[in-house]
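Order-wise, the sequence lines are chains Y and E.
Using this note's numbering, you'd call the opening residue of the first sequence number 1 and step up by one each time.
Using this note's numbering, you'd call the opening residue of the second sequence number 1 and step up by one each time.
Worth flagging that the hints you see were computed from the coordinates, not collected in a lab.
It cannot be assumed that every hint is accurate.
Derived SDA-like pairs (lysine to any residue); straight-line CA-CA distance at most 20 Å [claimed, not checked]: (1) E/K52 to E/E26; (2) E/K383 to Y/E407; (3) E/K235 to Y/D360; (4) Y/K179 to Y/E153; (5) E/K22 to E/F213; (6) E/K183 to Y/M1; (7) Y/K454 to E/I406; (8) Y/K135 to Y/G112; (9) Y/K129 to Y/E153; (10) E/K183 to Y/C366; (11) Y/K49 to Y/M1; (12) Y/K327 to Y/K179; (13) Y/K402 to E/E414; (14) Y/K455 to E/I406; (15) Y/K129 to Y/Q19; (16) E/K183 to Y/Y374; (17) E/K183 to Y/K394; (18) Y/K459 to E/K52; (19) Y/K394 to E/D365; (20) E/K407 to Y/L466; (21) E/K142 to E/E286.
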Amino acid sequence: MVSKVLSGGLRGIYCYPVQVEVDISNGLPGFEMVGFLGSEVREAKERVKVSLKNAGYPLPAVKITVNISPADIRKEGTAYDLPIAIGILKSLGCLKEPLVDEFFFVGEMGLGGELRSVPGVLPMVLEMKKRGIRKCMVPKDNVAEGAVVEGMEVYGAEHILEVVDFLKNPDNSSLSPEKIDMDDLFVPRKRQDDFREVQGQEMVRRAAEISAAGFHHLLMVGPPGSGKTMIARRMPTIMPPMNRKESLEVSAIYSVAGLLKKGQSLITERPFLAPHHTITPSALAGGGSVPRPGVISRAHRGVMFLDELTEFKRDTIEILRQPLEDKKVQIARQNGTVTYPADFLVVAAMNPCPCGYYPDPNLCSCTAPQIARYQGRISGPILDRMDLVATVKKMNVAKLEKGELGESSQDMADRILKAREIQEKRFQGTDLSFNSEMRIPQIRQFCELDSEGKKLLEKICKTADLSARAYYKMLKVARTIADLDQSEKILPRHLAEAVCYRKAPGRKEMGFYAGE
Amino acid sequence: MQENEEKAYAYWFYNVPGMNGKKGRELYARMGNAEEIYMASMKQLSAYADKKTAENIMHTKDTWDILAEYESLKKQKIHFTGYGMKDYPERLSYLADAPAVLYYKGKLPENNCPAVAIIGARMCSEYGRQVAAWFGSKLGEKGIQIISGMAMGIDGISQEAALHVDGKSFAVLGCGVDICYPKSNMGLYERLLDQGGIISEYHPGTMPKPQLFPPRNRIISGLADLVLVIEAKEKSGTFITVDMALEQGKEVYVIPGRITDALSRGCLRLMKQGAGAALSPEDILEVLYYEEIPKRSTTSARNETSSRNETSSRNETSSRNETSLRNETSIMERASVKEEMDKSRERMKKAGLSRTEEVLYDALDICPRSLEDIHHDFKEQVKNMEKCGLEGNIRETMELLTGLCIKGVAEQLEIGMFRKK
């Protein structure tokens, strides 16, 4: 008799439904599994056989055939153990209840019959909701992530017998649908890091604020030990908290990557990732024979901090170009192409020269060609995407001792939130959400200047020798500064501030005396 | 033609493997000239030279085509001169360790026109950059020949500035004259060919090597009447040139700076040891024209008597120059240093700065400062001011700074770095 059990497979962060078909027939006893299976899936045979025996259901000497359909997509992972076991029990006539057909099953099994966690439960449950399934049976460790999907009954079981008992007699079972209070999850937790601890550094503080408000990528330049890393770590604290949609997106990525902690349901805090500069291109972008999300996808909706930007290998950094443009990354491998979302804020830091103290002639011992070579290591296209460039100052220890505290993250976040709301309103009905994403038509539309502003802009262009790209970048930054100021128009003072964050072209070696 | 022949032989002679200035000059003194050496037999040679040298001389005679080699040198527009020849720079002929040969492109410095060597750090500050350009252009304008090493930083900037005002400048290289080092000074190299010259004692095609640079410094100081050090750290290659200059009996002048600036420490140390301080280009002109041109008594005593007559005739010509230039310099004196110093003030007034802008302007320096530093000083000042309507946050500072840039009294250099203009 053929039985069918519903399960799911993953492609990227998307799930496709999978039917596990089990047939039991007379003939030479054996256990066959078909359906383009990876080796982990084929090993399910032994796990299921032994665990069913240990759970009190020894397999009779019959021919068992398992087909996992669709049979033309390669299946990977251990999530099919539970559906195979249920299918066998069903075929053997041990589970006749129609309730089985209402369920979606996923889970790995141990030899004793215990259920173990698998990656990607959240996207699977989301997909099943779309397909009209209401009930899911998942390992206990995964139940928290599945349960956040509203309108779904998600059961978390620890042992196969628990599942069987429940299916046979749901009313008399210890299992019940997991309930999670979403509001509880989104209560902002008290953070350890706070911008309050950053003393002085007013330029870079302000740059960080603009960066968080308009999603402008930020480059910090400064000597070693000036607090670049400290500032970057505090970036998530001033970004508006993630909303539910964002949180689900991020959690799905972490779920697929198997990075959700046991019992963790959602990622509610913006990710902060700081890959080391020796990272390989495939670790950054994601990869493997079954492509797993890389660092850029794990930084989705959060901050990616590139410390020592000049030390990264060029081909590693070049990887970022497509994601920065498309907000997603495509990874092509033998088993197909997957797309992971990758919409992140780049916060980069670098020293101005190999020793780090340029332009202080008292401390810097680098030669001009050394400095030129050092700064030349940053890829031009990446540098172009940095809307804000700010210097970090070497801190005076005496001043640190005095302990003047700066503005707190909360105060900054309040202003930023307001600026974000203004942007939301502005871009309603378009596919944009931040000022930094504006293209030339939107810049023309939204970055209107009054006559005084136009005059100033003209003068700035004349004295600052702006390229077309730098010009538009400056306008976008000015728009965000105006939003932070809650000003509908871009005022001259906003422009005047914006121009200070540009990367002025490197100095000419031959300067003439100013009086000439 | 005869001179050419002499040079062709000398060119061969100094290209004999193992030949150097000292050995060459000795042989020269004993055998008369290179042609004699060429014609000499092995027996004759070994009377004057060691066996190895004599063998080398005999050997190269077979492989070296005197006229063809010299022609090919000329084709590359490289000129050749040797110690004792007519066009050999007179100033160098007094040196104890005068280079035996010189290759040059363009021209050589004129003997009876004053020359100043401007040297200093490659990695110079904005201050050094400005001073180098100022002195280079002012001295260049007055027809002073600027001698330097065409290096990055002070060297190149002062030479560039001199050429910019149609002055004359000469570079002494630590490699062959056909090689431009550093490459980034290619533009300067080309202009020097037109308006001055490129000089080296090394054979064409010699690649730059660290050990070749210190010896060329003696030529830089040797070709000049006065050495001006603009910026140098306490340990600097510049001191090799200064030591050479002192040995050669040249005047050494330095540009003073702040004692806390590493790049000024070298200059200040020299000043402490007795070097003159140049506060404006006029100070240099004064030394060159009003005082007697530095005597070479210490070194020239060691040289042959034959050059003495020439020296005295040279002093005559230069004293004629002095009188003609005297009027000009006195006019310049009136224009004087103070005007230069007030220049930026005036520009500030013309721009019509407000009170707060003036305060911010004072927080700027001619060396670039980071915005963070400028803001810090400005904030302190604003605190003490009444009714300025400022809160003292960074946004106001940035706004005012942009205003100063637009008014042309300040400029934005690299990110977050500003300076007075």
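Checklist line | Numbers of the earlier hints that this structure fails to satisfy, in rising order | finding: 6, 8, 12, 13, 17 and 18
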